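S.K.: Take a look at the letters that make up each chain.
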Amino acid sequence: MNTATASADIGGHKDDFLATTRSDPWWKGWAATAIGLTVFFGYLTVRVFQGYYMWADPYLSPLVAPPLFTTLDSVNYPNAAPLKHAWLGTFPAWWPRFVPQSPGFMFPVLAIMFRMTCYYYRKAYYRAFFATPPGCAVRGAPLKYRGETALLLVQNLHRYALYGALFLLVFLWYDVGLAFFKNGRFGIGVGTLVMLINVVLISGYTFGCHSWRHLIGGRKDCFSCDSGSKTAHKVWKKSTWLNQRHMLFAWLSLVWVAFTDFYIMLCSKGVIKDLNTW
Amino acid sequence: MAQRTFKIWRGNKDGGEFKDYSVEVGPGMVVLDAVHRVQAEHAGDLACRWNCKAGKCGSCSMEINGKPRLSCMTRLNSLPEGTVTVQPLKTFPVIKDLVTDVKWNYEQNKRIAPLKPKPRDADGHHRMMQEDVDRVQEFRKCIECFLCQDVCHVLRDHHKHDQFVGPRFMIRLAQLEMHPLDTADRIPAIRKEYGSGWCNITRCCTEVCPEHIGITDNGIIPLKERVVDRYFDPIAWLLNKIRGKK
Numbered sequence: 001m002n003t004a005t006a007s008a009d010i011g012g013h014k015d016d017f018l019a020t021t022r023s024d025p026w027w028k029g030w031a032a033t034a035i036g037l038t039v040f041f042g043y044l045t046v047r048v049f050q051g052y053y054m055w056a057d058p059y060l061s062p063l064v065a066p067p068l069f070t071t072l073d074s075v076n077y078p079n080a081a082p083l084k085h086a087w088l089g090t091f092p093a094w095w096p097r098f099v100p101q102s103p104g105f106m107f108p109v110l111a112i113m114f115r116m117t118c119y120y121y122r123k124a125y126y127r128a129f130f131a132t133p134p135g136c137a138v139r140g141a142p143l144k145y146r147g148e149t150a151l152l153l154v155q156n157l158h159r160y161a162l163y164g165a166l167f168l169l170v171f172l173w174y175d176v177g178l179a180f181f182k183n184g185r186f187g188i189g190v191g192t193l194v195m196l197i198n199v200v201l202i203s204g205y206t207f208g209c210h211s212w213r214h215l216i217g218g219r220k221d222c223f224s225c226d227s228g229s230k231t232a233h234k235v236w237k238k239s240t241w242l243n244q245r246h247m248l249f250a251w252l253s254l255v256w257v258a259f260t261d262f263y264i265m266l267c268s269k270g271v272i273k274d275l276n277t278w
Numbered sequence: 279m280a281q282r283t284f285k286i287w288r289g290n291k292d293g294g295e296f297k298d299y300s301v302e303v304g305p306g307m308v309v310l311d312a313v314h315r316v317q318a319e320h321a322g323d324l325a326c327r328w329n330c331k332a333g334k335c336g337s338c339s340m341e342i343n344g345k346p347r348l349s350c351m352t353r354l355n356s357l358p359e360g361t362v363t364v365q366p367l368k369t370f371p372v373i374k375d376l377v378t379d380v381k382w383n384y385e386q387n388k389r390i391a392p393l394k395p396k397p398r399d400a401d402g403h404h405r406m407m408q409e410d411v412d413r414v415q416e417f418r419k420c421i422e423c424f425l426c427q428d429v430c431h432v433l434r435d436h437h438k439h440d441q442f443v444g445p446r447f448m449i450r451l452a453q454l455e456m457h458p459l460d461t462a463d464r465i466p467a468i469r470k471e472y473g474s475g476w477c478n479i480t481r482c483c484t485e486v487c488p489e490h491i492g493i494t495d496n497g498i499i500p501l502k503e504r505v506v507d508r509y510f511d512p513i514a515w516l517l518n519k520i521r522g523k524k
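If you read the sequences in order, they're chains H and B. Quick note on this note's numbering: the first sequence kicks off at 1 and runs consecutively. Quick note on this note's numbering: the second sequence kicks off at 279 and runs consecutively.
Next up, chain B with everything else stripped away, as it sits in the complex (with noise of 0.2 Å):
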């Protein structure tokens, strides 16, 4: 076992700074276990969100060597020697020390009509075929860590909470929107109440997501480009009102 120091921030939303403290690591420690050393040693009160500790809740979200990642996935020999530094996520209020306040995200996701489903076949049943929601299934793997909404500058650095919803909830609305059975026209609250426009694509979403979602190719820029279709392609437009289509 050897030693390593972790630099924790501790504090607010009042205010706060980094700590230092020294824990021994072993083989196949990840930094939430770290975190819980120190709990366990050097800090009772440290404050710390997680659950399944599996990669599946979602729950453990904070930035590592400031990179957003799940910490119950980051392993420590993952890392460069040194001290690894441990923060709270950035674009969300801080609730105290590694645990901030999430709720934002879960108002987005109440503004989002739900599913809105074509009438069932004659037999009672709604039918769909596997090639029709292999797109879908992708964005269902979200586990709503709120990584890519923490490491998307719109939300971190321009603080565009009103304008736009976020890559986690432009794939929620991509999961719908392309959904087979969907009926609802989406199109034009994409462009302007959910912002699809505020998202210049350069992809840290993408990049940071545990779950490998293509968040930018598969989920937003599709959504672009239906806005496009709606807004700004006279051809498409035509075609699609003389095909009836929404």
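Here chain H stands alone, though its shape is the one from the complex (with noise of 0.2 Å):
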């Protein structure tokens, strides 16, 4: 194919940055998606750093969970993850002292990783942050294209991305089990709800993922073959169901995860009650 003859105006198609005939407002959507990457993960990244006010007895922030390391440090760490619940005590003398002592930097990153690799927010990011493209049929930036075949093939991590996701929602589990017990009782408080919340949120983004509806099935051709095909068709149908709704989970999930942090830091901060039964 002459591939000149289908640019240049031809056809009243104009080449130039953000070129399109729409005359719908299509930059509505990408300014919202850039907007609210930068304010989301904007935030989770400011939090990650400070490392301090993560922890609300019974709450741990889960940008913090689960502690590896933690810190002992109560002047310019106040209330960081508490030492019970830290795997390996307080953080070693090696630890740069040009990086805050927070555990954020440690298993938390697995998360990022996930969601940096997803398919869907590389959709949302690859439009909102590098205009390939902004818009369907709105003209991207005159870059050098090479998709996901040079650089970007390390977006086939995702799969790795996603084993420590699974690795990492174990714990978050296990820390909103730990949040319904305070000093030994059992109770409930609007903390141990947000962080049930967010919780569910990441599990259900975590099994609508791609690379997991196609681990537990998708990989198949066959489904009805065996008696353990006919179980992946099963699992799989539910997975696409949420796979289906994976730009909400996505995104529900993001909120509430900064969400619940900003209600641990104030209950830690001392700025509002949590309302429980302790």
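Hints were generated in silico from the structure; no laboratory data involved. Only a predicted model underlies this, so the values are computations on that prediction, with no experimental measurement involved.
Simulated restraints, written as ranges between beta carbons of each label pair:
1. H/T38 <-> B/R398: 53 to 63 Å
2. H/W27 <-> B/Y509: 34 to 44 Å
3. H/K234 <-> B/G304: 46 to 56 Å
4. H/F262 <-> B/S300: 50 to 60 Å
In this text, a Cβ means the ideal position worked out from N, Cα and C, and glycines have one as well.
Assembling the complex is the task here: the two chains are given apart, and the hints tell you how they should meet.
M.R.: Written out as structure tokens, the structure is:
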């Protein structure tokens, strides 16, 4: 095909950046996505760097869960993750001084990797930040386009990020279980419910993941061949239901994880008092 | 009956321009009706391609108010007030006015190896269960309107026709790759010859599909995942080798 004939104003199409004849407000979705991603990922990044006000007994912020190390420096890191939650105790001496003593730099990074390589978020940030393309039938950025064939081959690590996210999910559920107990007494507080909703939304997001859907059944060509395949088909159909709502769960879980941390931070600072049965 | 203005691109591969036509429009009319009225009343030489007028032949694809759509399925009352812009598809060379040369698509189709079925059962039949073919039946809804090919920025903006077959043929490949009877190993070609890596899954193809096929989620991404199985996941690769799977 002579592709040159398919460009340069023929057909009334221009090739300038953002050129389009679309008359609808296509840019609203573009702008909303860019703002949403910036605000929520920005908030989460700042909080991970802070590493303090992450604990309001019995609530542990999901941004530091599970903590591998924690700090006892209550001056610089008030209400950091408690020592009893830290797998390996306090931060070791070799921990670089210029890196804040925040457990958010360890296991929770898996969650960031999972979202960064997620098929939905890829669409969102390719459109919002790289304009490849900014909208459908809107001319994208005049960059040399390589798709996911060169540097972005790294996106194929999504599956490994999924394995990490599944690992994290176990501990998020575990932390919700702990949030039902304070000083050994069973109870429930608003924070418990906030954390429970958080882990339910993250589960909905994780089990609707395209890689998960592939691994648990989508990779098969035959769903009727044996009993294992039939079971896989049932699980695959459930995952498909979630997958069809993957964008919804991606946003709800992102917003709610930020809200969960925000709620715990406010409780931790004493700005608000948690309503509970204890 | 009310008057409505249509801004229609007129020209050929060497150049052209938008021209305004005002025609009477009535309830239930679609853009293709209006184009035909323009032909009848103002421009007998206006070229447009159409056939079934029922959204099933995929012939009348064009860009309406900047969006790739079937003109026979786009009701005028679904469009905002004001002038309606009508253009040919951007991704393919213009022949005349609203007609583009889409033969490149048929050339891609020829490159794809047909179904290579496994041997028949002892009674001479092939058997498939419904749950095994549900997925590929979705892909068979494709009417080859090529709206997905038109909106795909890899083809539309970056002109990677030599590297990427486009969404329509990715779902054709998915249809074959996921077919319960197919025995061909298509994964190396899906990655290298057909260019699955060029798609950055921005989903415009899915958004414009008049048959509502889950092109990205059910076709392209599962193919990308199968490519990951083969080339980027040593665990899956090893398990498949042990199980003797392709």
